[in-house]
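One line per chain: the protein sequences are A and B, in this order.
The first sequence begins at 1 in the numbering used here and counts up by one.
The second sequence begins at 1001 in the numbering used here and counts up by one.
Among these hints, one or two may not hold up.
[What the hints assert, rightly or not] Calculated lysine-lysine pairs in the DSBU-like style (CA-CA distance at most 35 Å, straight line):
#  : chain 1 : residue 1 : chain 2 : residue 2
1  : B       : K1066     : A       : K123
2  : B       : K1051     : A       : K222
3  : A       : K110      : A       : K122
4  : B       : K1009     : A       : K122
5  : B       : K1009     : A       : K60
6  : B       : K1033     : A       : K110
7  : A       : K110      : B       : K1051
8  : B       : K1026     : A       : K51
9  : A       : K30       : A       : K51
10 : A       : K58       : A       : K88
11 : B       : K1078     : A       : K58
12 : B       : K1078     : B       : K1051
13 : B       : K1026     : A       : K40
14 : B       : K1078     : A       : K150
15 : A       : K246      : B       : K1056
16 : B       : K1078     : A       : K96
17 : A       : K51       : A       : K407
18 : A       : K123      : B       : K1002
19 : B       : K1002     : A       : K122
Just so you know, the hints here were simulated from the structure itself, not pulled from any lab data.
Fair warning: this is a prediction, and the values are worked out from it, not measured in the lab.
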Amino acid sequence: MRRVVVTGMGIHSCIGYSIDEVRDSLFKGKSGIVFDPERKQLGFRSALTGKVDMPDIKGKVSRRERVGMADEGIYAYAATDQAFLHAKIDMDFLEKNEVGILYGNDSSAKAVIDAADIMREKKDTMLLGSGAIFQGMNSTVTMNLATIFKLRGINFTISGACASGSHAIGLGYLMIRSGLQEIVLCGGAQEVNHHSMASFDGLSAFSTRESEPEKACRPFDKDRDGLVPSGGAASLILESYESAVKRGVPILAEVIGYGFSSNGSHISVPNVDGPFRSLNMAIKDSGLDLRDIDYVNAHATATPVGDMNEAKAIDLAFGEHKPYVSSTKSMTGHECWMAGASEAVYSVIMMHNDFVAPNINFSQPGEEAKPLNITPVTVEMKVNTVLSNSFGFGGTNSTLILRKFVK
Amino acid sequence: MKRAEIIEKIISFMSEEFEVEPEVIKPEAELMKTLDLDSLDLVDLVVIIEKNFGFKVEAKDFVNIKTFGDFFEYVCQKLNITE
């Protein structure tokens, strides 16, 4: 089995538009959550959201290529452009080598709704324009990035709800480990527009602490009242160790474990058994002892049942060993399809800068969180090994283990 | 609207949509080649004409449009502009 390393990362999120900006936000415990008045006018129960500006890619990407890009594709381009630069991969390399893409995405709601509005008004499908089909498909991110960056390896989208980005990294890791690919662009993207979040808001799953946006997302806290939707995109360049050495590029981290499972139960209510099996599978895959894990980046979105069952699963899996636990969603909100990838990026940033980011808004632990070592403040310490959980609707679970690279 | 105004409007939205300098849109220049259009772009051309002038170009009409001059003439005819 070959070793799989990370050689580049890029991020476009509500807590920063570069690795450095995000590092500072994570360290300071800065929230990216705001109140969006338009959502209130549209009848949203909660108008809270991560604030993510649209990157300006005109001049970098041709008109023909931009026409087919939906919001999440534009975010993903921004993150990927950073990641390839970070990994010292240019267009010449991409045209001569077989680089793949496995990216998490599970909606393109705005593109589909906008097209439906035009269709109803004009009653003529040609007037939807040439980009509507490419913007509206679930694979919009991979089809666009693969075209723009001239990717010639594996190419498809992973739709695994809020575990999409994590599964994308897991599958990229398996592809490289088994020798099928040398380099795969992995990541996750999530549209932030109201179109994509209306039906989720309708489930009453969002926090309504609208008077204090930055304090609204409270994973594991006794007074948590739901998640806050967010998004953007995160990209990681996964590469075989041999390829990284051959190219002479710095290695940022190593992916050493991937676990997954399906709950086999309710469509939206998570359980303990599924996440527990995913955690254990990742640990077994990594070959590590539980005591080697320094930090757990929890999925914890701040829903009452989700956090409770994840806390139970972590406690059950780790027993007496108490690694630091935090949910970076306390700052970013729930980045949904992107979350598994962004949280891998956040974890590697912590590894490189010797700190554990805080679980902000953690004032009083919920009963089930009491056995965990959840940190409400930044902890400055060496972080060598991280376990990151991501769970999604339908009971899909993914766990990644990343480690500081040691030759 | 007069013919000159129509032409000015076409140059403006075409240069903006297809990201070319307005100066390259001359009556004698070839439309497809100058704007570097492929079959997908023609769909977008139909969309912007409808947005700006309120009528839809039929695919068969493109057969006789080679230059921008042909295109200006075609639009003016559709809008019954003679001067």
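So which hints don't hold here, by number, going up? 2, 8, 13, 14, 15, 16 and 17
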